[in-house]
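Asker: Given these sequences and hints, build the entire structure.
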Amino acid sequence: MKLLGRDIDAGALLRAARERLEARGIRDEALSVEAEPEPVLEPLSYLVHALEEDEDPTVPIPATERGTPASLVRRVFRLACQSLIDEVLERQRRFNARVREADAQLSAEMIHLRARLEALEAAQRKGDRAALLAPRKPRRKRRG
Amino acid sequence: MAVHQLVPHFRLGEPTAQAAVQLRALLRRLGQWGGLYGASREPGAEALVQPLQALRVQAGDWVLLHHALGSRLPARLLHTPGRRGVVFHGLPSLRLNRGTPLERSVLAGRAQLSGMASHVSLAIGLSAFASSELSRAGHREVHTVPLFVELERFAEGRADPALQARLASGALTLVSVGPVTRETRLEDLLALHREVRRIRPDARLVVAGTVDPTLGALEAEAVRTPGVTMLGEVSHGERVAVYRSGSVLVSMREQDGTGMGLLEAMASDVPVLAYSAGAATETLDGAGVSFDEKRFALLAEVAVQLGTDPRLRARVLAGQRRRVRAQGPERSEERLAAALESVGLGKPPFRTRRPARRRPRVGFVVQRYGPGITGGAEALAAQVVARLRTHWDIQVLTSCATDHLTWDNELPAGESRVDGVSVVRFPNLRPRTMGELNARSRRVFGRSLDLCEEEAWMALQGPLLAGLWRHLSERGGEYDGFVAFTYLFVSTAWSVPLVADRTLLVPTAHDEEPLKFDAYAEVFERPRALLTLTPEELELIDRRFPRHARARVVGVGVEPPAVDPGRFRARFELPGDYLLYVGRVERGKGIPGLLEGYRRLRATVPDAPTLVLAGEASMDVGAEGVRMLGRVSEADKWDGLAGALAAVVPSPKESLSLLALEAFAVGTPMVGNAVSEVLQGHAERSRAGVTFQDPASFVEAVARVRRERAAMARQARRYASRYRWERVVDAYREEMDAMVRR
Chain A
1 MKLLGRDIDA GALLRAARER LEARGIRDEA LSVEAEPEPV LEPLSYLVHA LEEDEDPTVP
61 IPATERGTPA SLVRRVFRLA CQSLIDEVLE RQRRFNARVR EADAQLSAEM IHLRARLEAL
121 EAAQRKGDRA ALLAPRKPRR KRRG
Chain B
145 MAVHQLVPHF RLGEPTAQAA VQLRALLRRL GQWGGLYGAS REPGAEALVQ PLQALRVQAG
205 DWVLLHHALG SRLPARLLHT PGRRGVVFHG LPSLRLNRGT PLERSVLAGR AQLSGMASHV
265 SLAIGLSAFA SSELSRAGHR EVHTVPLFVE LERFAEGRAD PALQARLASG ALTLVSVGPV
325 TRETRLEDLL ALHREVRRIR PDARLVVAGT VDPTLGALEA EAVRTPGVTM LGEVSHGERV
385 AVYRSGSVLV SMREQDGTGM GLLEAMASDV PVLAYSAGAA TETLDGAGVS FDEKRFALLA
445 EVAVQLGTDP RLRARVLAGQ RRRVRAQGPE RSEERLAAAL ESVGLGKPPF RTRRPARRRP
505 RVGFVVQRYG PGITGGAEAL AAQVVARLRT HWDIQVLTSC ATDHLTWDNE LPAGESRVDG
565 VSVVRFPNLR PRTMGELNAR SRRVFGRSLD LCEEEAWMAL QGPLLAGLWR HLSERGGEYD
625 GFVAFTYLFV STAWSVPLVA DRTLLVPTAH DEEPLKFDAY AEVFERPRAL LTLTPEELEL
685 IDRRFPRHAR ARVVGVGVEP PAVDPGRFRA RFELPGDYLL YVGRVERGKG IPGLLEGYRR
745 LRATVPDAPT LVLAGEASMD VGAEGVRMLG RVSEADKWDG LAGALAAVVP SPKESLSLLA
805 LEAFAVGTPM VGNAVSEVLQ GHAERSRAGV TFQDPASFVE AVARVRRERA AMARQARRYA
865 SRYRWERVVD AYREEMDAMV RR
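Protein chains in written order, with my numbering: chain A, 1 to 144; chain B, 145 to 886.
These are computed hints drawn from the structure, not numbers from a lab.
Treat each hint with caution, since some may be false.
[Said to hold, decoys possible] Covered stretches of chain A (in silico footprint by chain B; criterion: 3 or more residues with CB under 8 Å from a CB of chain B, positions within the stretch not fixed):
1. 1 to 9
2. 14 to 25
3. 34 to 43
4. 46 to 57
Positions of the beta carbon are idealized from the N, C-alpha and C atoms, including for glycine.
Answerer: In structure tokens:
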């Protein structure tokens, strides 16, 4: 472990702390902390996945997302009435599926076009640079 | 051009709200105006933050979105016209929230952050750490604008005394302040606390901040742990009390977007021991003590040493103080200016050098203006305008209101002329209800507040003249200078910073609760000069804002017309002696105290003079011997003052008391409220006035005036002869010329 601080003698402070710890007969252990960087998400793909996860309105929200455990009454209600819920929400389910399909198509198209545009722009930049670097033809001197 | 800010949910005291209010204060200093808009607002912030539906983006405006978890505003931003930007505070960590109800919101928030990248032209990270996240998410024009803390707000005197007394103890105390989320790592704080107690069995851990409801089990464990105090949500004063009760501030946070908590701790003189993650390292910048591994037993030894070794503690605190001073508002202002300039949003240009022979173009900023508008500062502004209009090309910038209680837009907005002077009126955004203001005042006065709470009160006080602020921001450069009246009203308080280096402020300050707000510091510190009315007003400003701008006692002129006291007596059928009050008849002016004194006078003196009250009444004044005249003309006022036994000035809060000076000018003594230092000063210097502090001394004062009236009348005239408009006009012109020549 390193101690940092402009106004302290970090080495001495740490040494003294270790000595006291040893005198007390304690071995210190470090808690491992994952240094995983936070993810960067492609928003269009993320939204397609998110739509997919929430596509079916007949399925309950997972307990981990709800935060609180489902009450017994709710669970009994769902067991008893699942077929009714499915029937009532069937149209919504189909609609959601089509919205997700459409979004997936459009997003894929958009990502493809963006990549193509970037490639074309890169090629154009390369072409421009090549044109700049190419040796120029000497101008002809005008007669007379 | 305005720079608006969108906040998903505005709650006073929360970091996002604090950041938005701080950024707006910095924008004002840079000459830029913009509104705050919230998708939702909590009580107390209604005047400070407009609803999202009220946002009207004009050509050239900028809209900055404060990105936060669970916000619907990114989609809104993408379809908002104008130029767009994002302000990033940081998002909760996905790693720490896997499998929790927040996981999908965190993912959505990160996807939104990336999604905005190609649609915004400016990205502001509130720390270098937040900026690096913005860059990773694909944002291009990324700038770091760190937030700041105002040292005064964390001084010893700002701590809540009740909580400070409760927390007072000789035991080693570790403190943690701020919302308790998964990133706070409460479990690590508890682990450290347990290790510390193995060395110091009486050691305590105080945790202040709302606990994330999904951390119920951890909170319960903390509550059960010996020596741990969970305080929950705390006010600003309580926050300072917690910091200042601590031996060491410990931060185990693994994702800190702004480092504000560490800055606050450093400003509160508590040594900091922080895990170097997120914005912690850059915030400390070598101050305090940071560590890179969580070895609790070893850290416990360090914490005990830091909390108990006086020499180590003193060295660390000295370094922390240096660090907080270096991270002041000026640094944030510089960084914001650089960010704005990078997108072509530099400080608005000032008027170029004017032709030598042309009269200076001067804007007068005042809360109300026009014929029939009563009020000391408003009347003063009108008199100054009348006397300077031949020297300056004046334009009055004011509200559409005639009523200072409601600020209702009664007069048409736009340009008109009043007595030959151009007047531009701007509508008030939100009518004021006194019930709401009084209730809020009761909640905040006498308490230690943060910038957000103070600005919320100022906005509630009004008038909210967004049009005026936009005008100053966009067209302020067309004026050579400004004269702004009355520091108290937000119309002036938020105007002054926009054009501070060309503004003369006439503060009309008196000793009142809002003067204790640090938010007013920029109004007194940033203008070119302060023009006060009395030496007492200047002394008050000296005490409250020692770093105030250069100040000069200018006063006013008092020139009475020819008077005929008999005309007043005949008109209002007043045959005997009378005491006269002229002004608004309301509680704030000390009328209840006057009536109490007068009742005592009637009860003890058989031939007590009549008490005559002239002015608009907003309270019941029916009592024996009291005559209520309503509003009277200027001629009647002067005639009445000339014939009065004395003018009574019951207001405890006066910055000048024009009434007393006008009475002196016609040889009438004054009976004034002793609480007002200004009235005391007039009475002592003139020897033509007597002050009272209770009913008994009121009776005494009237008796003395009766005995010595002739001598007092001579002294009154002599004193009033100092107050000549000629001198006042010269002073205003000198100050303006100095500014214009610059």
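Asker: Hints first: check each against the structure and report whether it holds.
Answerer: The hints, checked one at a time:
{"no.": "1", "hint": "1 to 9", "result": "holds (count 8)"}
{"no.": "2", "hint": "14 to 25", "result": "holds (count 7)"}
{"no.": "3", "hint": "34 to 43", "result": "holds (count 9)"}
{"no.": "4", "hint": "46 to 57", "result": "holds (count 4)"}
Consistency with the previously given hints is maintained throughout, with no hint failing.
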